[in-house]
Amino acid sequence: MTTTSSTPATTPREELDAYRRRVRAWVADNLRKLEPGERWEPLGDDDDRASRARQLQRRLYDGGFAGICYPTEYGGQGLPIEYQRVFDAESEGYELPALFSVPTLSICGPTILEFGTEEQKQRYIPAFIRGDELWVQFMSEPTGGSDMAGALTRATRDGDVFLLNGSKVWSTYAYRSDFALCLARTNWDVPKHRGLTMFIVPVHHPGITVNQIKMVDGTEEFCEEFFDDAVIPADNVLGEVDDGWTVATRLLFHERAAVGGASPYTCGRMPRGADAGRTELIDLAKASGRAADPRVRGRVGQAEATDIVQRQLVDRVRTGLETGHFPGPAGSLVRLYAGTAQVERVTIALELAGDDALVWEGDDGGHQGIRYVQRQAACLGGGSTEMARNIISERILGMPREYAADRDVPFRDVRRNTMPSRKGSG
Amino acid sequence: MTTTSSTPATTPREELDAYRRRVRAWVADNLRKLEPGERWEPLGDDDDRASRARQLQRRLYDGGFAGICYPTEYGGQGLPIEYQRVFDAESEGYELPALFSVPTLSICGPTILEFGTEEQKQRYIPAFIRGDELWVQFMSEPTGGSDMAGALTRATRDGDVFLLNGSKVWSTYAYRSDFALCLARTNWDVPKHRGLTMFIVPVHHPGITVNQIKMVDGTEEFCEEFFDDAVIPADNVLGEVDDGWTVATRLLFHERAAVGGASPYTCGRMPRGADAGRTELIDLAKASGRAADPRVRGRVGQAEATDIVQRQLVDRVRTGLETGHFPGPAGSLVRLYAGTAQVERVTIALELAGDDALVWEGDDGGHQGIRYVQRQAACLGGGSTEMARNIISERILGMPREYAADRDVPFRDVRRNTMPSRKGSG
Amino acid sequence: MDLTLNGDQSFFQETTRRFLESEAPLTRVRELADDPNGFDRAWWRRGAELGWTALVVPEDHGGGTLSGRPCADLAIVAEEFGRLVSPGPLIPTNVVAATVARSGTPEQRAEVLPAILAGEAVAAWCVKGPDRGWLAGDLGVEARRDGDGGFVVAGTATMVEAAGSADWFLVSARSADGPVQVLLRGDTPGIRVTRLGGLDLVRRFGKVHFDDVAAPGAAVVGGGPGDGAADDVGRQLRLGAALEVAQMAGVADRVLELTVEYAFDRYSFGRPLASYQALKHRFADMKLWLEASHATVEGATRAVDDDVDVERLVSAAKVYVGDHVPELVQDCVQIHGGIGVTWEHDIHLYLRRVTLGRGLYGTPDEHRERLAVAAGL
Amino acid sequence: MDLTLNGDQSFFQETTRRFLESEAPLTRVRELADDPNGFDRAWWRRGAELGWTALVVPEDHGGGTLSGRPCADLAIVAEEFGRLVSPGPLIPTNVVAATVARSGTPEQRAEVLPAILAGEAVAAWCVKGPDRGWLAGDLGVEARRDGDGGFVVAGTATMVEAAGSADWFLVSARSADGPVQVLLRGDTPGIRVTRLGGLDLVRRFGKVHFDDVAAPGAAVVGGGPGDGAADDVGRQLRLGAALEVAQMAGVADRVLELTVEYAFDRYSFGRPLASYQALKHRFADMKLWLEASHATVEGATRAVDDDVDVERLVSAAKVYVGDHVPELVQDCVQIHGGIGVTWEHDIHLYLRRVTLGRGLYGTPDEHRERLAVAAGL
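Residue numbers (my numbering), protein chains in the order written: chain A, 1 to 426; chain B, 1001 to 1426; chain C, 2001 to 2377; chain D, 3001 to 3377.
Any given hint could be a false lead.
To be verified - Example chain B residues on the side facing chain D (calculated, C-beta under 10 angstroms, incomplete):
1. V1169
2. F1222
3. Q1374
4. R1407
5. R1415
Hints listed in this document are in silico derivations from the structure and should not be mistaken for laboratory results.
Heads up, the beta-carbon is just placed ideally off N, CA and C, and yes, glycines get one too.
Construct the entire structure; sequences and hints are all you get.
Next up, the structure:
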């Protein structure tokens, strides 16, 4: 395989310290140091961002630092998690390919690794480790809200292919991605969890339309997809037909692990908005001319504390998951904290910005006001905070599950949202 | 009837303005003006408080201002609500008998008026209007929480009497009261709402033990009662046997009206703790030596706003109930606001008091700390804020009722709290 | 909503609502987002015909109230504006009209009021200096005496609503003898307007620069510097704040209404959202915030009309509504889920409006401070 | 709880918990409410035998850590103290012992440490002046030079824990040459202790008055006034704060545990409380607050041990735990219902403990200010 032609996995296994030295040297020579508060793949024209990610992933691959915990036979380095963590620590503050780290390498990848046939694994895993192909999730639906298993998108068997019809939403960068894991209903006569199938779907494909969704803050990273008799070969089924929920459950587990910072497959420590947020808040406080006001100072101190505790909680949850002190769903603690912390941060920023958040000279301004209008996105994307609270109470504290009216009912008989919900309310 | 021997109801009906002038004159001559922040029946030895209330009620009666909206044939003045409101306005800031206003006159009284037999009405109503007899509610039970209809106290028919067994809790001043309305189960073979009966129970009676409950702040106004084969004549049934929930529902309605300020039977405008709280907060802020700190000033301003809006909400809900814009349950809005406002007030006071809330010289001190430890009482007494939120969402917004596992089930088959819950948790 | 509207008021509310629904639906509001002025003059004239600019003007100047309470009457319009995030210079024009009617010279009244009443003239109020608070009283513009009762006005005022389309500017300025107000034509030489971008889709603001503008004695409102002018400025602030919170309450009313409907219609796991207790309790809190907001708006508008305890009651309303209504709308966004943060969904129009309203005429922090002062701290 | 305890630490935690459960159950704590000192000396000696006072003292002085991280080790005890609102001068005695071990003279170490290690001696720390903050650095007691390296100490310190039973006082005083610390016997002439009533049932505090107390050179800790002493005072504050939040986290842990049990056992309308989503979501928030509190307590204790970024991390912990743990306990009171506010129910013992802990060694407000400074504001 061509993939093995790059830097071979170090055998016999290199000592962690030696590895650390090698990483440090390579990072310094091959990656770009970020400006304070700068994010990975700095937002610009989207084209740049996606292709930038591909370049960076390729660079990691050539350096022998791509897919560190992936098996060597699929182009990975076959090393244990400690090595990835060493890389993460040493590369902190440098630019890395966010779009590959999540969801490609840490969510879609591990799911394929678990459920893929040998052919599927050989075909897809090396390609994304190399940075050739970017993946995305087709899970949420316009009518579905938090109820992933209530998918209405249907895949109808027709000989050795399936015909895909319906729509998905909230896929990130789908219009720049190559493949998607798509959950669709293949059986309507059984309860909802037992009639689903997971498909590997080429994003740019006849019968698939991808639209970007304009958000309140003007960004258009999220997409919605419409499927109109899109032809998907039966070979593209991941796992078993009608057993898609098993696959989806693991995919969601990997998502929580990635978000919770406990996945061995994420690459690098995401530069945290909080850092940016932090310097930003202090600049705002100074700009406001009220830096001496104890209320202003108190709000900055509050944001500081919230930010510090967030890092500490992430570390604790990661440790707890690794040591087995915490069950898998503990990732939801991090998710809930992240949502509420961001709400606090944005609200404080609005307060500190004063008039500048409401009116501004020139075309560019009001950032804090616009962030405030977009605020709740932090409590919705990647599983709502409501779902996180359900998971924490039911699966960490063991409290009774919410009554679900669709349990054990053939899905076709379940009361569900008929009208598309993507409508204005005015 | 002796009751008619006091000032006769003014007939033909006196003009409101003339009435106002008469009230104003009488109040000035017969009632005591309160100190700023002073409550009715200033807390002292409990004995004083209860007998003080009896004296005051008697004084109102002799002046012809007791039971203004009660029918004349039962010792009232038979006037419409406007007259009571005039009295309330004119008597604001003077001492009035709180213990009679609520629950005797505004909760127990109207319930007797609605469901009592002629004999019962003649026997009991004039006596409390005169200030001779104080009433209390025996509704809550140690194992019951918010679920009044889940009463376990049982009344067993034995010829022309009932034998009462079980216990009640959270009755205010029971040890100083004369009669109680007591909800007990008379039928265990029907769903919970259909097996209850309301009894008129003499508080100081063989087989009834009344204990005061010491609260976290040291007060002992609340009581618990234990019934041990207490003999209650069948004549003391209020309403129909097994139809007690109908009576209880109206009693709870009258309670909400009284709390919501919409009852025609309450007497006077309760001097609001908020007033006391307000001056108190300002004193605390000054005493703290931090009166110039914008954070301290902001907290005082916050408490001010919360207090002002509370009065405005009470007025709005009263108007809404009177004009029919709001349904009866709207009283729950006032109840919810009162709870959350008190939580805010007490928390701000703790903040302003600083060390003085935590340590103090001498025997008497730490009031703000102790109030803080008692804080949640404001969200529990008189129906918890959780119940208020249920009522608002279900009976004002019309949202689906919570699933109740005891609906339509014979009560003896309902899963309930067996162990007495009045136990320490350590 | 005020629970004690009289017949005229209810009818007025009805006609205003119907007019806005048909002549300025949200689709129209979205179109106006690209209009430099954010509203259409002809449309504004029709609103004026309904009485939007007449309520704070006494009858002998061609205006008139419905209930004898001009602020309460006008709050009805403001609330309807909130329900449909309507365009138009409602608040500044009325704030200026009220002062001209109360304190203007006969000439000023004759010249300005008829045009405002007819919806022909738009007026804006210049009060807030850059980097200054609303309530601190440190005005951004300075007025220097300039012979025979006139002044030279210099400085900059910001957050001036409708500055870009104003035919008249009421300028609150500081002078050696205390605050003074002058009324100037929009085209007065030396006045420069910088149009500002803003969070709200259609309410427009500007910075107004005064480069030594000559304001003759005839332009002075309320008889020159001193207590009279200071009192007028205070009344303007309170009227503006009262109308702003009324508008915010209207937003809360409409958004909660929409979200409750949504919770009934929307199914999750085979159950309507409205059946989930965690959401029901949040709806209960929001219902409380809404009713308490209505209560305090009513208290504030009546206080403005009666001029009794008005500073405290307006500040309490600005604190309560400013703290709760934006959070109410945010939680409604949350309940809507992802679509709630898309451009296509209308709820962000409402969130923008209340985020703006929270800051105008004094933030909750500024009004808390004012309440602390009033409390004797 | 720290998720990475080593074997020795886990064993130590176990033995401490078992000892407290058998020798200081809540019934005993309630009895001690009437004890002037709030704890029993013999009992304290037995606790000392378990190592409660040895962890911050280096081995060559007879102490020793379990993990090489004295503060982290001691936090284990503090957390157990929180779980059972235990009595005893745990924090002040250890704070003083740590400083004597680190900066005391050989004589001071020899005289004080063995007695503390044996549980024979109780030590208290005098730092906070009446009406002064914890962190402002303006100490309440003044020290004037008095020939050959000695000082005369005058003034009052308040919120001195265990003042009434202290055999030794470590006094942080301001002097012309900067802060200075002296170690004085409890019976030193001129020291007067006023016992204070307090919110906590068994943790006792006092005001300590110094009427021109003579402190000889031999009493000075850390070589006189200056940076060394200032550094010691800072370390004492941080150690005290870290142990205080550890104790508060222990309270939160136990109270949430009890309330979750209660929610499973308690039925309302035929359903367990734990099945009501509105409560489930509040429990989820509380679980988050608990885990985040544990996380930041761990961060703070490690920072104290490693002396890295310690001021920020201790302040963050005091802010987060101080804001969330009392509210967590309050919500658990709410879920318990009426019995939660009765004297008979134990939950108020926990609420008293965390309300006190919130204020000791700096309120959340004070630590927010400190974080703002650290952030460069």
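Interface hint for F1222 of chain B, Cβ within 10 angstroms of any Cβ on chain D: 8 angstroms, holds
For the hint on R1415 of chain B, does the least C-beta distance to chain D fall short of 10 angstroms? 5 angstroms, holds
For the hint on R1407 of chain B, does the least C-beta distance to chain D fall short of 10 angstroms? Holds: closest Cβ of chain D sits about 8 angstroms from R1407 of chain B, inside 10 angstroms.
The hint names Q1374 of chain B as touching chain D; please verify it with the least Cβ-Cβ distance against 10 angstroms. At about 6 angstroms, which falls below the 10 angstroms cut-off, the nearest Cβ of chain D leaves the hint on Q1374 of chain B intact, so it holds.
Once the shortest beta carbon distance from V1169 of chain B to chain D is found, is it less than 10 angstroms? Holds, about 7 angstroms.
Going down the numbered hints, you'll see the structure goes against none, and every one checks out.
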